[in-house]
Amino acid sequence: MDAIDERILKATQNGIPLKRSPFAKIAIELGISEQEIIDRLGKMKEDNVIRRFGASIGHRDIGIVANAMCVWNVPDERTEEVGAIMAAFEEVTHCYERPRAPGWDYNLFTMVHSYTQEDCKEVAAKISQATGIDNYKLLFSQTEFKKTGVRL
Amino acid sequence: MIFLDDTDKKILNTIQFDFPLEKEPFMKLGNELGISEEEVIKRLQRLHDEGAIRKIGPIINRTGIGGTSTLVAANVPDERIDEVADYINEYQEVSHNYLRPERYNVWFTISAPDRVRIDNILNDLRKRTGLEFIDLPTKRLFKIGVKFDIR
Chain F
1 MDAIDERILK ATQNGIPLKR SPFAKIAIEL GISEQEIIDR LGKMKEDNVI
51 RRFGASIGHR DIGIVANAMC VWNVPDERTE EVGAIMAAFE EVTHCYERPR
101 APGWDYNLFT MVHSYTQEDC KEVAAKISQA TGIDNYKLLF SQTEFKKTGV
151 RL
Chain G
1001 MIFLDDTDKK ILNTIQFDFP LEKEPFMKLG NELGISEEEV IKRLQRLHDE
1051 GAIRKIGPII NRTGIGGTST LVAANVPDER IDEVADYINE YQEVSHNYLR
1101 PERYNVWFTI SAPDRVRIDN ILNDLRKRTG LEFIDLPTKR LFKIGVKFDI
1151 R
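So the protein sequences, as listed, match chains F and G.
Using this note's numbering, the first residue of the first sequence is number 1, and each one after it goes up by one.
Using this note's numbering, the first residue of the second sequence is number 1001, and each one after it goes up by one.
In case anyone wonders, no lab produced these hints; they're calculated from the structure.
Some hints here could point you the wrong way.
With a straight-line Cα cutoff of 25 Å, these simulated SDA-like cross-link-like pairs (lysine to any residue) come out [unchecked claim]:
{"hint": "1", "chain 1": "F", "residue 1": "K45", "chain 2": "G", "residue 2": "F1019"}
{"hint": "2", "chain 1": "G", "residue 1": "K1023", "chain 2": "F", "residue 2": "S128"}
{"hint": "3", "chain 1": "G", "residue 1": "K1139", "chain 2": "G", "residue 2": "R1115"}
{"hint": "4", "chain 1": "G", "residue 1": "K1023", "chain 2": "G", "residue 2": "T1007"}
{"hint": "5", "chain 1": "G", "residue 1": "K1143", "chain 2": "F", "residue 2": "G58"}
{"hint": "6", "chain 1": "F", "residue 1": "K10", "chain 2": "G", "residue 2": "E1090"}
{"hint": "7", "chain 1": "G", "residue 1": "K1139", "chain 2": "F", "residue 2": "G149"}
{"hint": "8", "chain 1": "F", "residue 1": "K147", "chain 2": "G", "residue 2": "I1144"}
{"hint": "9", "chain 1": "F", "residue 1": "K10", "chain 2": "F", "residue 2": "K146"}
{"hint": "10", "chain 1": "G", "residue 1": "K1139", "chain 2": "F", "residue 2": "S128"}
{"hint": "11", "chain 1": "F", "residue 1": "K121", "chain 2": "F", "residue 2": "E90"}
{"hint": "12", "chain 1": "G", "residue 1": "K1055", "chain 2": "F", "residue 2": "D5"}
{"hint": "13", "chain 1": "G", "residue 1": "K1147", "chain 2": "G", "residue 2": "S1095"}
{"hint": "14", "chain 1": "G", "residue 1": "K1143", "chain 2": "F", "residue 2": "R98"}
{"hint": "15", "chain 1": "F", "residue 1": "K147", "chain 2": "G", "residue 2": "G1051"}
{"hint": "16", "chain 1": "F", "residue 1": "K146", "chain 2": "G", "residue 2": "R1046"}
{"hint": "17", "chain 1": "G", "residue 1": "K1147", "chain 2": "F", "residue 2": "P75"}
{"hint": "18", "chain 1": "F", "residue 1": "K45", "chain 2": "F", "residue 2": "G63"}
{"hint": "19", "chain 1": "F", "residue 1": "K147", "chain 2": "F", "residue 2": "D39"}
{"hint": "20", "chain 1": "F", "residue 1": "K146", "chain 2": "F", "residue 2": "K43"}
{"hint": "21", "chain 1": "G", "residue 1": "K1055", "chain 2": "G", "residue 2": "E1024"}
{"hint": "22", "chain 1": "F", "residue 1": "K43", "chain 2": "F", "residue 2": "I16"}
Just a few of them, taken from the derived set where beta-carbon distance is under 10 Å, the chain G residues facing chain F [said to hold, decoys possible]:
{"hint": "23", "residue": "I1015"}
{"hint": "24", "residue": "F1019"}
{"hint": "25", "residue": "N1031"}
{"hint": "26", "residue": "G1034"}
{"hint": "27", "residue": "G1066"}
{"hint": "28", "residue": "E1093"}
{"hint": "29", "residue": "W1107"}
{"hint": "30", "residue": "F1108"}
{"hint": "31", "residue": "R1115"}
{"hint": "32", "residue": "P1137"}
{"hint": "33", "residue": "D1149"}
Glycine is no exception: its CB is placed at the ideal position from the N, C-alpha and C atoms.
Isolated chain F (complex conformation):
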């Protein structure tokens, strides 16, 4: 990623304008062509500098109000195998291994979004059955204080 890429990300990270030729104004500001912006965004996607280019959804506003962070206490020697099983569930949007901490025994984290808390609980029960891990908890978000995504 070079300085121009960084400027493109800064110019688009809050959202492109929702009108015809949305890259035209940014191109003028940066003094490069629209095609160059598009090519560079494509390249950044390929290089995994950006995970995707697209819409961030206000999921609560369209009724996907249940958001569960499921935390699992998985024996260390099984994390690799169990993490892979969890990640394969379509309903799981994120799956991470994290360290345990004093008073915190859970080392695998999966995020599940759905229309109801019941749906999330069912997904967690399915995962538990598939992995044999029954030491887990669902933490539902009650308030969203901030959600900006990663910014430069």
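Given chain F, work out where chain G should sit, using these hints.
Here is chain G on its own, set in the frame of chain F:
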């Protein structure tokens, strides 16, 4: 709650991952959906104004550009939650922050160019709030792919 018709749902399911990177992306979307460019834009504007779309843009991969991130949890007394959430939100590097009532109830993520910056933010927060924070950096990433199946 926002009303979505079938075309809105199709648009939302498409543009999360397959937004056309072209000079006239909304025309391309219109062609795919069998509606005019003008109608695509009109619908996107409504979806944006009403909150179904927060933005259309790049989802930046912090580790992909040499940065790092962590998940942090704190046990905040009920009467201090709003105050502490405000302190946390002040940092530009905090990308998500949620109340999840549990033993640790405030959960937030920090993405920064390097680990030193994360440590500085955490030390700063400890000093300003007098609270303990548990720091849970990613050891291994199995999946990240937020996609909402809009029904």
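Verification of the hints:
Using a Cα cut-off of 25 Å, the hinted pair F/K45 and G/F1019 holds, with the two alpha carbons roughly 12 Å apart. Straight-line distance between C-alpha atoms of G/K1023 and F/S128 comes to about 46 Å, which puts the hinted pair past the 25 Å bound. With a CA separation close to 14 Å, the supplied pair G/K1139 and G/R1115 stays within the 25 Å bound. Straight-line distance between C-alpha atoms of G/K1023 and G/T1007 comes to about 23 Å, which keeps the hinted pair within the 25 Å bound.
Simply put, G/K1143 and F/G58 have alpha-carbon atoms about 21 Å apart, close enough for the 25 Å limit, and the pair holds. For the hint linking F/K10 to G/E1090, the alpha-carbon distance of about 19 Å falls within 25 Å, and the restraint holds. A hinted pair counts as satisfied when its Cα atoms are at most 25 Å apart, and G/K1139 with F/G149 qualifies at roughly 20 Å. This hinted pair checks out: F/K147 and G/I1144 have alpha carbons roughly 16 Å apart, not beyond 25 Å.
With a CA separation close to 19 Å, the supplied pair F/K10 and F/K146 stays within the 25 Å bound. Annotation: proposed proximity of G/K1139 to F/S128 holds, straight-line Cα distance about 22 Å (limit 25 Å). Between F/K121 and F/E90 the alpha-carbon distance is near 15 Å, which keeps this suggested pair within the 25 Å criterion. Proximity of G/K1055 to F/D5 is assessed by CA-CA distance (about 19 Å); at most 25 Å being required, the pair is judged to hold.
Of the supplied pair hints, the one linking G/K1147 and G/S1095 holds, its CA atoms being roughly 18 Å apart against a limit of 25 Å. A C-alpha spacing of about 13 Å is found between G/K1143 and F/R98, which places the hinted pair at or below 25 Å, so the restraint holds. For the hint linking F/K147 to G/G1051, the alpha-carbon distance of about 13 Å falls within 25 Å, and the restraint holds. Distance check on the hinted pair: F/K146 and G/R1046 sit about 23 Å apart at the alpha-carbon level, within 25 Å; holds.
For the hint pairing G/K1147 with F/P75, the CA-to-CA distance comes to about 29 Å; that exceeds 25 Å, so the pair is violated. The suggested pairing of F/K45 with F/G63 is violated, with an alpha-carbon distance near 29 Å, which exceeds 25 Å. For the given pair, F/K147 sits about 28 Å from F/D39 by alpha-carbon distance, which is inconsistent with the 25 Å threshold. Only pairs whose Cα atoms come within 25 Å are accepted, and F/K146 paired with F/K43 is rejected, the gap being roughly 30 Å.
For the hint linking G/K1055 to G/E1024, the alpha-carbon distance of about 17 Å falls within 25 Å, and the restraint holds. At most 25 Å may separate the alpha-carbon atoms for a hinted pair to count; F/K43 and F/I16 meet this at roughly 18 Å. The criterion of a C-beta within 10 Å of any C-beta in chain F is met by G/I1015, whose closest approach is roughly 4 Å, and the hint holds. For G/F1019, the shortest C-beta to C-beta distance to chain F is roughly 4 Å, which falls under 10 Å, so the interface hint holds.
For G/N1031, the suggested interface contact is broken, since its CB lies about 14 Å from the closest CB of chain F, more than 10 Å. Restraint check, G/G1034 versus chain F: the minimum CB separation of about 19 Å is more than 10 Å; hint violated. With its C-beta approaching chain F no nearer than about 9 Å, G/G1066 sits inside the 10 Å limit, and its interface hint holds. Look at G/E1093: its Cβ gets to within about 8 Å of chain F, closer than 10 Å, so that hint holds up.
Annotation: interface hint on G/W1107 holds; nearest CB of chain F at approximately 7 Å, less than 10 Å. Against a cut-off of 10 Å between C-beta atoms, the interface hint on G/F1108 holds, since the closest Cβ of chain F lies about 7 Å away. About 14 Å separates the beta-carbon of G/R1115 from the nearest beta-carbon of chain F, more than 10 Å, and the hint is not met. With a least beta-carbon distance of about 7 Å to chain F, the hint placing G/P1137 at the interface is held under the 10 Å criterion.
Given the 10 Å rule on beta carbons, the hint for G/D1149 holds: about 8 Å separates it from the nearest Cβ of chain F.
Hint violations for this structure: numbers 2, 17, 18, 19, 20, 25, 26, 31, all remaining hints satisfied.
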